[in-house]
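If you read the sequences in order, they're chains A and B.
Numbering of the first sequence is given in the numbering used here, commencing with residue 841 and proceeding in unit increments.
Numbering of the second sequence is given in the numbering used here, commencing with residue 16 and proceeding in unit increments.
Keep in mind that the hints are not guaranteed to be accurate.
[Claimed, not checked] Derived list of chain B stretches under chain A, where covered just means 3 residues or more per stretch with a C-beta under 8 Å from a C-beta of chain A:
no.	stretch
1	115 to 125
2	130 to 137
3	151 to 158
4	232 to 238
5	245 to 252
6	338 to 350
7	359 to 371
FYI, nobody ran anything at the bench for these hints, they're computed from the structure.
Where a beta carbon is used, it is the ideal one built from N, C-alpha and C, also for glycine.
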Amino acid sequence: MGARIEAAAALTGHGRRKASARHLADAAARACLTNAGKEPGDVDLLINAGVYREDNMGEPALAALIQEDIGANLGQPPAGGRGTFSFDLINGTCGVISAIQLESGLLQSGVIRLGAIVTSDVDPQLKDPAAVPFRPAGGAMLLGWDGTGTGFTDFAAETYPEYQDLFGSGLVWQERQGLRVSRRTAGRSQMVIDARPGYHARLADCAEESARRFLRRLGMGVGEIDLLVPAPSTPDFLDALRLRLGVPGDRVAYVAEDLADAYTSAPIAALQAAIRSGRLGEARNTLMLAAGAGITVTLALYRRAPGPAALG
Amino acid sequence: MAGNGSGRHLDHWLALQSPGSGAPWGCRIESVGVKLPGQRLTTRELMSQTSHHTRIQLERLTGIHERHVVGPGEDSFTLATGAARDCLAHSQHQAPDIEMLISTSITRSRGRSSQSFEPPLSLFVKQAIGAARAVNFDLSNACAGMLTGVFLLQDLITRGEISCGMVVSGEYISHLSWNAARQIRSVFSKQLASLTLGDAGAAVIVERAPKGGGIEVIGFTTLAAHSRLCLAFPSTVGPGAQMYTKSRTLQKVAIEDMAPLVAEVIGEAGIDLDAIDYLIPHQTSARAIRKGTEEFARRLGARPKHVVVNLEEYGNTSSTTLFVALHKYLQEGRIRKGDRVMLLALASGIEIGMAIFTIDSQVDRYGRTH
């Protein structure tokens, strides 16, 4: 038994309008609910694991705004009614798997019946646009409980703080200079992303080490993994990881080209690719793996119950 | 479809956890730690530095006499780390016992960064205190962040997935006050609430307890129809953020909608409101807390024995208020063994969270003798 993937949807910003993190997450959440045949009011818990927003809003949680946008249980709380609980979780590219672990537990204990995880990132408006490590994208997935045996069964998260300086981001105050500086526009908080050379190579090192340790703990070999759902999907990380682990290319969920540079949405984009190709439904053992700043590696094993292949 | 089949609470508005859910373990609050900056700022001093002559009688309106504010070298990270160390000093656990560490600050200043994003602040806190094996991530849920963290740890602990976890928050948030002071003109300003903020760090360790023991009930919901009543963004006036709050509407909605949710929680605990010895609400203004308590009493037909208000000394320390207040009352010996406490989080979103538990042996590690 485990938390079962009901649906996953990922998308990029299209059209002339500048992408907004909230709108990308809203659109992904709506698409995901439609795919699963669920109503917004069915969602008991909504976790937003996106990081980079156009306005860098500090509060409330972006998840609350997304809950309002999609219309999940907005009525006044009456006795016996049903609400939705929303908050943000921040763990870079690893945030989705952290959120899956939390929602799986709450599904298992019966506190929630349907959990949603949403993600989105937009251009953080760096001084050097070439340094933007990702493309605006949004993602959403739904988790329910499956009593028949299909679902997430095991999780792991490890950090390698010796590499904590290889990737960092934050807002830095920069005063405006010049004669026309007013009291109301004395400066701005500039997003600074510091990615050092060799970051992706170290990500692959750490991901391999954590994946091998995780599989050892479960008494499994790499050969028993039918499908690898990795994040990020950048070739310098993914190719290195695949070769080191010895996972053949046909056992990797590659994302569509337009989602290749998704950031926190990358795990959901890979899941969507695996569902669309039918491979998630066929795989007995699927390993979700994400690696990101910290260096942090999160892992989740998704098992399919014996029997005919299913959608997810 | 159902989870382990033992604990559905879907007839509630809140996402609720209680020992009645059939989980194999209980979860108790084992220790609380606080880090307050040494520097203090009185309301009179703050209001004397507004750019405009405002005529706002802030102390009379809010009950806040002073608040602690950071000095040189202090930030969200140092406050969080200091609180985590204080929490360990009051705990029977060592840092390596912590299996999960959740940082829940709204502000995440560290070094030159006024708001850090990656790596998560929790990574640096766990490094600083030596909680090497803890799984870590950050969580952002406005002023309800710390109690949200306890809610999540409670589930992991009662299911037996982990046995000990820490929630920590360091709020260097007084820059909102300075940014508001530069702009505010009257009592009707949407930045008025920013003048009530103070800096503090807080941490709490929760651990496995025998089945049926520990936290009696904990629940959360988001009243997202009101998600835009309080918004904070990076400021262009000065470093840090500025916050816009429709305080009167927020207060009105909170009072209106919170009573049935309080009824759900005390109903789940099988008690009346007068069985609560100490209600610790989120600290916004003394007037708002008084009004809210009166409304609960009117609607629920009972009132808690004591309502904790510590605004005079600390102001609103955002996500840390509940645990700063709990720590103070433990330290001063005002809350005693056997007292039943209710924590009530209220935050932008609107997030509403509640937890009820009875004070046990943790009280022995506080006070002058410690």
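Residue count check for the stretch 338 to 350 of chain B against chain A: does it reach three with CB-CB under 8 Å?
-> As far as the stretch 338 to 350 of chain B goes, the hint is violated, because 0 residues have Cβ atoms under 8 Å from chain A.
Can the stretch 151 to 158 of chain B be counted as covered by chain A under the rule of three residues or more with Cβ-Cβ separation shorter than 8 Å?
-> Result for this restraint: holds, n = 8.
Taking a Cβ-Cβ distance under 8 Å as contact, does the stretch 232 to 238 of chain B have three or more residues in contact with chain A?
-> It holds: at least three residues are needed, and the stretch 232 to 238 of chain B offers 4 whose Cβ sits within less than 8 Å of chain A.
Has the stretch 115 to 125 of chain B got at least three residues whose CB is nearer than 8 Å to a CB belonging to chain A?
-> Holds, because 4 residues of the stretch 115 to 125 of chain B bring their Cβ atoms closer than 8 Å to Cβ atoms of chain A.
Three residues minimum, CB to CB under 8 Å: does the stretch 245 to 252 of chain B make the cut for coverage by chain A? Let me know.
-> Our answer is that it holds, as 8 residues pass the Cβ test (under 8 Å) against chain A, meeting three.
Examine the stretch 359 to 371 of chain B: at least three residues should have C-beta closer than 8 Å to a C-beta of chain A.
-> With 5 residues in contact (Cβ-Cβ under 8 Å with chain A), the coverage given for the stretch 359 to 371 of chain B holds.
Can you take a look at whether the stretch 130 to 137 of chain B is actually covered by chain A? Rule is 3+ residues, C-beta closer than 8 Å.
-> holds (count 6)
This entry does not satisfy hint 6, going by the numbered hints stated previously; all others are met.
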